[in-house]
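Trainee: Quick note, the sequences are listed as chains A and B, same order. Add 276 to the 1-based position in the first sequence for our numbering, that's all there is to it. Add 216 to the 1-based position in the second sequence for our numbering, that's all there is to it.
Just so you know, the hints here were simulated from the structure itself, not pulled from any lab data. Note that the Cβ used here is the ideal one computed from N, Cα and C, for glycine as well. Keep in mind that a hint or two might mislead.
Claimed, not checked - The calculated DSSO-like cross-link candidates involving lysine-lysine, where the alpha carbons are at most 30 angstroms apart (straight line), are:
hint, chain 1, residue 1, chain 2, residue 2
1, A, Lys-476, B, Lys-549
2, B, Lys-524, A, Lys-379
3, A, Lys-601, A, Lys-841
4, A, Lys-382, B, Lys-583
5, A, Lys-317, B, Lys-418
6, A, Lys-713, B, Lys-524
7, B, Lys-399, A, Lys-716
8, B, Lys-463, B, Lys-232
9, A, Lys-317, A, Lys-379
10, A, Lys-317, A, Lys-382
11, B, Lys-418, B, Lys-524
To be verified - Reference excerpt, derived from the structure (chain A facing chain B, CB under 8 angstroms, subset only):
hint, residue
12, Gly-322
13, Cys-324
14, Ile-387
15, Ile-391
16, Ser-422
17, Arg-423
18, Phe-424
19, Gly-474
20, Lys-713
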Amino acid sequence: MSEKITLTIDSQQVITEKGTKVVDAAKSAGIDISVFCYHPKLEPVGACRICLVEIGRTQRDRSTGELVLEADGTPQISFSGNLETACTVPVAEGMVIHTANEKVTKAREDILEFILTSHPLDCPVCDKGGECSLQEMTFEYGLGESRFPLDEKIHLGKHLPLGDLITLDQERCIQCGRCVRFQKEIAADPVLEFYHRGRKTDIVSYSNPPFDSYWSGNTTDLCPVGALTTRDFRFEARIWEMNASPSICSHCTVGCNITLNTRLDPKTGRSKIQRVMPRQNEWVNEIWICDKGRFAHNFTSSEERLTKPLARNPEGKLKPVTWQKAIKIASERLKSHPDGLVTLAGGRLANEDFYQLRTLTEGLSGKLILDSSLAGGDLTARVGLGQGSNIKDLGSGTAILVIACDLEEEAPLWWLRVRAAAERGATLIVANPRETKLEKSAEYILRYEYGEETQTVLDLLEKESEASRVFKEAENGIVLFGSEGMNFGSSQVLAQACANLLIKTNHVGKTNNGLMAVWPEVNTQGAWDMGFKPDENLPEALKGAETLIIAGADPVGDGIIPDLKGKFLLVQELFLTKTAAQADLVLPVLAVTEKSGTFTSGERRVQLFEMALPASGECLADHEIAAKLGQALGIEMIQGSAEQVLEEIIKHQPGYASLSLAALGEVPEQQPFVAKEALSYTGTVFRNTSGVGVQLPSAAENGKMPLEKFTLPRKSFDDGMLAVPVTHLYDQGIMVRTSEILGPRLIKNQLILNPIDAEKEGLSAGIRVEISLGERTYEAAVDIDQKVPVGVILIPRSMGIPLDGPENAVLKAVK
Amino acid sequence: MSKYVLLRHRDIPDIKELKVYQDQGGFKAFKQAVTSLDPGQVTEIVKASGLRGRGGAGFPTGVKWSFMDQNSWPHYVVANADESEPGTFKDREIIEGNPLQFLEGVAIGSYAVGAQAAYIYLRGEFWQLAEFLDGKINELEKAGLLGENLFGTEYSLKIHTHLGAGAYICGEETALLESLEGKRGQPRLRPPFPPSYGLYGKPTVVNNVETFTNIPLILENGADWYRNLGTEDSAGVKVFSLSGRVKKPGNYELPFGSTYRELIFEHGGGIINDAQIKAIMPAGASSSILRASDEVLDTPLEYASIRKLGSDVGSGSVIVIDETISMDWVIKKTIDFFQHESCGKCTPCREGTYWMSHLTRQIHSGKKTEEQIQLLYDVATNIQGKCLCALGEFSVMGVLTSIDRFPQDFGREPKGSDQG
């Protein structure tokens, strides 16, 4: 533990750690010192001067080094006469600090008056109104009248697009530089900078496209005024009109805690999400979210949502039916054809949905399949991240291996936190066939060819190298593995090799050690835990089924199987996907925003989300549909709310016994302090009042783990051009495509080649080509990037070329 | 033998040529330091000479050098040739006329603090001086006076020039360092000070051109010689840049202890049209402005005495104001300058100079109401003591002292005392 310092702030004794800044020490004692430029997550700059306080220090006799004492024996305190910025001065033993005496109060008023000389008086139309640090502070300390003539106020640019997503109002900007520092220090995308000087200082972005960062929305939370606003919230609603519901972002496996601000839309008479805000969880997303999580929320109110059950009529058309009718059709079919049921589910379902679908399927002796090409969910349960782990705690002494993924594209918050750990001194080893952004922070970069991923891990264990030595000797060791360039089979072997690496180097079964899978969806881990598993040969498994229940998966759209004709097909979906379009029965389900439940993140943290919006149309939760079917079929299963299902899970599900509803809802004290009253300190991030979730223990915490046995798979592709699917954050999936403002940033219909291959094939950027994958052919435009390995064609997922794993391909220019 | 210490080119023609400079004993001091003195001994000599920084703050040079953090390496030396204070033009003359003495001073300073790289940061307009210095540095490298393994020792030194891009603030040492690193020229927080956290985060000595130029002769002639040139408080000589309403503006090298009367009336030839002298700005636009009373004119020019009068020697840019000039014009000019040069980092300077520029313009254009004067005074007072760096603090000096000491120029009753 670090050294403790005792000091006095406004007559209150405060004990804090050495190195703490005065402003933070005061905050921990419940004393607010106003700040604008300071933010506890950013490096202090001492620029705005609003936090000036009076600081007295003890004196030491120069000759003896002894404390100089007053007549009464107390240490003599000397005040320099100058005020100092509380955000930059570290505490020292015996300091006496005044944060509210006459001199300090006067200084704060003076600084506030200075800021207001240039700040426009447009609070009534400013989106920040109601949650603006400057507004709050003006109410508290403002002079009430302006000595600076209104007609002499400086006029600068209003509503300037700083990028596609963020709008800048130069007049409102108070030059605190939080946005500039966030982009440099936290996001590592230094795309913002100050330009000009003096009162004309403004914020600019020189990147192309402007403000090119997945993190831009966070700057609007940090902005202490209304200078930066998000384009989709601008002039849409007032802060005080909105409801706030705690939720979990469903776009990736990180499970960022968010708050959904909703409001009754006067135009439609329906509630809608006005904005998505980060909610503090220092174990998961701290106070940040990525732009996908923030801006890709319109899918829940999309006109394309299914709202009624649909059944295929005698003419072969899908027509609306009542729920009663729909359940009757399904249950009659399952009664008459009790054999050959396969239930395929995708990772966006909640634990409660998986549990009920499993109970139903097992009641009918059916088979459970998880729609995922990444294996290893059984291994993460065994040797996953130990309970109590927090990437935020990691630094020197930790080694992190990230293999076969592009972390910022696939699990953005993990990228942010792993990079920060590397900045704090953790050794980062990045292994991937192509360059990814995380490599900038890596100490060791291991480049391998597609198909060599497992060998790379084995080499780390068996061959001598600097990276191998560092990983073995590290106090903490973590491995994150993804599925880049792999199918289910090869990823299974990679996961096993990673598990062995951790077991052999003694990095399992303890806090801040273990295995993390970069799952493709928010609750893939939960699906594994509830008994769903990918099938090694999914097309065959689907072909062999008599009856199919498909929930949250689209095997036809994903190109796994061309059609599912000749079977009874029941699809539970949000949208009429290609699979749903072939179904006999389509049952509309609630979006994550319309139901409550739990997700299990890739760090195996179980987190609650709550209903934020009323149900769309007649939609039901997936678990409710399963329960209705169960009831109709006489299968014994719980009929009730998500909460009741969760209680069942806790009772019966191995590994989940350590949970309780109470524990899930617990909110331990978090640093930095976040609250509506602390707007100026931490920004508009929401305080977490509904639980930070519970990290499940890994099985390794209860005993030794045996090593995995596996054989290296044979390379399943030949030496020709290799098409490899890759994940982009801004994909073309319907959850993202429906975003009102992400449109221009979405991945285009293109495949990406190395310039050498492009030249060899006689192709240039923009040219349209035909790509043949076995018997399938598709068309796309060519993009060229030298980060693509030679011989490889990168195929972004979701943009129209379905590809499950690497496959040989032939390119041909379209005449 | 020259009668100058710094402006020796004035009586030694072609001292800027290496041969002439060496004939005058040039680079003996550097060679002697590198071959026979410990770095610490050099610092001790400079300490003993009583030399104080000539950039404005007057901090004892040897003491600054001894603050270099010995646990953090490498060390750097930076010569501040940003010379941007209105009324200051001494460094330019030194570099143009006596460049080798300046470079030798930088070299000795570098040796004293263990720096193997030194940077000369020149204001952007000095691009010709930078080219000129590059040529001199090249020549010194060829002559074996700079470069690797100097004089057969293990000590090596490279000197580089770097041009600023046109900002007054880059004369502030931490803004200078930021600019030198390729960043926006804005001041850093202090502490930490450059001797512990300077260029690229490494211990760095930043001294003014004139400060360095003193060093070779201090080593050659000894600390006592230098000390005896000035006064007890302020050792040695100072180049004063004299400008304003004087007949012969220019640089004048005078020993400390001379008076403004000598500077302005003997050397500067008196006031234009023999008008009445009214005020002195002892340190350019950053000055607390003095009423040119007999007491002021006859006070010995040294750091302590001028401070006692309520101003500062600063960089020695003496601007003379006569009876034909109203102080409201003076502060309008200086505030326009500060407003234009405020970097914008801290609130009081950014907003305060902007506000003051509105007020001083209005006051100068005739709106001399008591409310306006009092508001200006309030705004200036509110800036004081709250800024991130000295630029903001300096911006109000002229305003406050003008209103205090020349009340009648602002439509107020004179106070009757000497300074107002």
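Trainee: Does each hint hold? Answer for all of them.
Mentor: Here's how the hints hold up against the structure:
{"no.": "1", "hint": "A/Lys-476 with B/Lys-549", "result": "holds, 20 angstroms"}
{"no.": "2", "hint": "B/Lys-524 with A/Lys-379", "result": "holds, 26 angstroms"}
{"no.": "3", "hint": "A/Lys-601 with A/Lys-841", "result": "holds, 22 angstroms"}
{"no.": "4", "hint": "A/Lys-382 with B/Lys-583", "result": "holds, 28 angstroms"}
{"no.": "5", "hint": "A/Lys-317 with B/Lys-418", "result": "holds, 25 angstroms"}
{"no.": "6", "hint": "A/Lys-713 with B/Lys-524", "result": "violated, 60 angstroms"}
{"no.": "7", "hint": "B/Lys-399 with A/Lys-716", "result": "holds, 21 angstroms"}
{"no.": "8", "hint": "B/Lys-463 with B/Lys-232", "result": "holds, 29 angstroms"}
{"no.": "9", "hint": "A/Lys-317 with A/Lys-379", "result": "holds, 29 angstroms"}
{"no.": "10", "hint": "A/Lys-317 with A/Lys-382", "result": "holds, 28 angstroms"}
{"no.": "11", "hint": "B/Lys-418 with B/Lys-524", "result": "violated, 36 angstroms"}
{"no.": "12", "hint": "Gly-322", "result": "holds, 5 angstroms"}
{"no.": "13", "hint": "Cys-324", "result": "holds, 5 angstroms"}
{"no.": "14", "hint": "Ile-387", "result": "holds, 5 angstroms"}
{"no.": "15", "hint": "Ile-391", "result": "holds, 6 angstroms"}
{"no.": "16", "hint": "Ser-422", "result": "violated, 11 angstroms"}
{"no.": "17", "hint": "Arg-423", "result": "holds, 6 angstroms"}
{"no.": "18", "hint": "Phe-424", "result": "holds, 6 angstroms"}
{"no.": "19", "hint": "Gly-474", "result": "holds, 4 angstroms"}
{"no.": "20", "hint": "Lys-713", "result": "violated, 23 angstroms"}
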